[in-house]
Amino acid sequence: MTETRRDYLHFRPIQTRWNDNDLYGHVNNVVYYSYVDTAVNLYLVDEGGLDPQSSEVIGICPESHCNFHKAVAYPDRLDAGLRVAHLGNSSVRYEIGIFLEGDDTAAATAYFVHVFVDRATHRPTQMPATIRAALEKLLVVPGDGDKADG
Amino acid sequence: MAEADVEHVPGTRAAYPYSVDFATRWGDNDMLGHLNNVVYHRVFEDVVTRLTKFDLGVDWVNDAVYPVAIESQCRFHHELSWPETVTAALRIGRIGRSSVLYHVALFGEGKETAAASGRFVHVYIDRAGKRPTDIPPAIRAKLETLFG
Numbered sequence: 001m002t003e004t005r006r007d008y009l010h011f012r013p014i015q016t017r018w019n020d021n022d023l024y025g026h027v028n029n030v031v032y033y034s035y036v037d038t039a040v041n042l043y044l045v046d047e048g049g050l051d052p053q054s055s056e057v058i059g060i061c062p063e064s065h066c067n068f069h070k071a072v073a074y075p076d077r078l079d080a081g082l083r084v085a086h087l088g089n090s091s092v093r094y095e096i097g098i099f100l101e102g103d104d105t106a107a108a109t110a111y112f113v114h115v116f117v118d119r120a121t122h123r124p125t126q127m128p129a130t131i132r133a134a135l136e137k138l139l140v141v142p143g144d145g146d147k148a149d150g
Numbered sequence: 151m152a153e154a155d156v157e158h159v160p161g162t163r164a165a166y167p168y169s170v171d172f173a174t175r176w177g178d179n180d181m182l183g184h185l186n187n188v189v190y191h192r193v194f195e196d197v198v199t200r201l202t203k204f205d206l207g208v209d210w211v212n213d214a215v216y217p218v219a220i221e222s223q224c225r226f227h228h229e230l231s232w233p234e235t236v237t238a239a240l241r242i243g244r245i246g247r248s249s250v251l252y253h254v255a256l257f258g259e260g261k262e263t264a265a266a267s268g269r270f271v272h273v274y275i276d277r278a279g280k281r282p283t284d285i286p287p288a289i290r291a292k293l294e295t296l297f298g
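Which chain is which? The protein sequence lines are A and B, in order. Residue numbers 1 to 150, in my numbering, belong to the letters of the first sequence in order. Residue numbers 151 to 298, in my numbering, belong to the letters of the second sequence in order.
Bound-form chain A, shown alone (with noise of 0.2 Å):
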């Protein structure tokens, strides 16, 4: 299924390295993934308070997966849209799409699930008030064609 930027109810522009491009020209598949962790943990550092160096609640990622659908390559400008598919009570499952900029259907879908556990013990827990807030602001309902505003 194709995917559009009307998908997606928040962007964060990506600037494509050198170093991304593998043999065949093009970012390598791995790079996505690097792409996804970036775009969510700044969201939650800039919209959910997340400190990654000080936060006693932290998230880490027990399943991520992605289908490449398009090539991009160094020097591309690229947007990660992210939303929300699932909030639990320690859990959230993002969804991201990684378009090139000025393209409209994305190049790569991904999702990416954080559980949020305690820093020191590693146990789930609850995730922090501030970081629900803001995670509740990309939450859609599945079988939503119309999530964003356009």
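Hints were generated in silico from the structure; no laboratory data involved. Wrong hints could be hidden among the right ones.
[As the list claims (entries may be wrong)] Cross-link-like lysine-lysine pairs, in silico, DSSO-like; alpha carbons within 30 Å at most:
(1) Lys203/B <-> Lys70/A
(2) Lys203/B <-> Lys261/B
(3) Lys280/B <-> Lys292/B
(4) Lys137/A <-> Lys70/A
(5) Lys261/B <-> Lys70/A
(6) Lys137/A <-> Lys280/B
(7) Lys203/B <-> Lys292/B
(8) Lys203/B <-> Lys280/B
Given chain A, put chain B in place with the hints provided.
What follows is chain B alone, placed relative to chain A:
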């Protein structure tokens, strides 16, 4: 959907007949003191591409038909961290007309149960048109010999 559920259950080394060892590096750990999630995908890619180059004989630079990744997945069961040497292993899940599904897993040093498991799908495309095409017969034969 038994096939899709395979990676929910950490397998043992015996379930993955092809493997390579991978020395982790200082920079693979993130600030939480374990291998960053992205690195797991890097190691999955490593075992798949080693098989593709050394056992299937693919020459990415010159072959008219070659594989690209169209899908990957990882489920994280246990932490791995530098400086352990991890084992990346795979087995074939499905050989299609133009695609190969690999079930992949990572094992911590001295551990029998997978620390992570997932899937990695290659699709063979033709260099000129960049469209999916039949897996070359010689490569298909090698896949079937290795995993038949």
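Results for each hint:
1. Distance hint between lysine 203/B and lysine 70/A is fulfilled; the C-alpha atoms sit about 23 Å from each other, no more than 30 Å.
2. The hinted pair formed by lysine 203/B and lysine 261/B meets the criterion: a straight-line CA distance of about 27 Å does not exceed 30 Å.
3. Under the criterion of a C-alpha separation no larger than 30 Å, the hint pairing lysine 280/B with lysine 292/B is consistent with the structure, at around 23 Å.
4. Of the pairs offered as hints, the one joining lysine 137/A and lysine 70/A holds, with about 29 Å between alpha carbons and a cut-off of 30 Å not exceeded.
5. For the proposed pair lysine 261/B and lysine 70/A, the alpha carbon gap of about 37 Å is over 30 Å, so the pair is violated.
6. Of the pairs offered as hints, the one joining lysine 137/A and lysine 280/B is violated, with about 39 Å between alpha carbons and a cut-off of 30 Å exceeded.
7. For the given pair, lysine 203/B sits about 12 Å from lysine 292/B by alpha-carbon distance, which is consistent with the 30 Å threshold.
8. Restraint check for lysine 203/B and lysine 280/B: satisfied, since their Cα atoms lie roughly 20 Å apart, inside the 30 Å limit.
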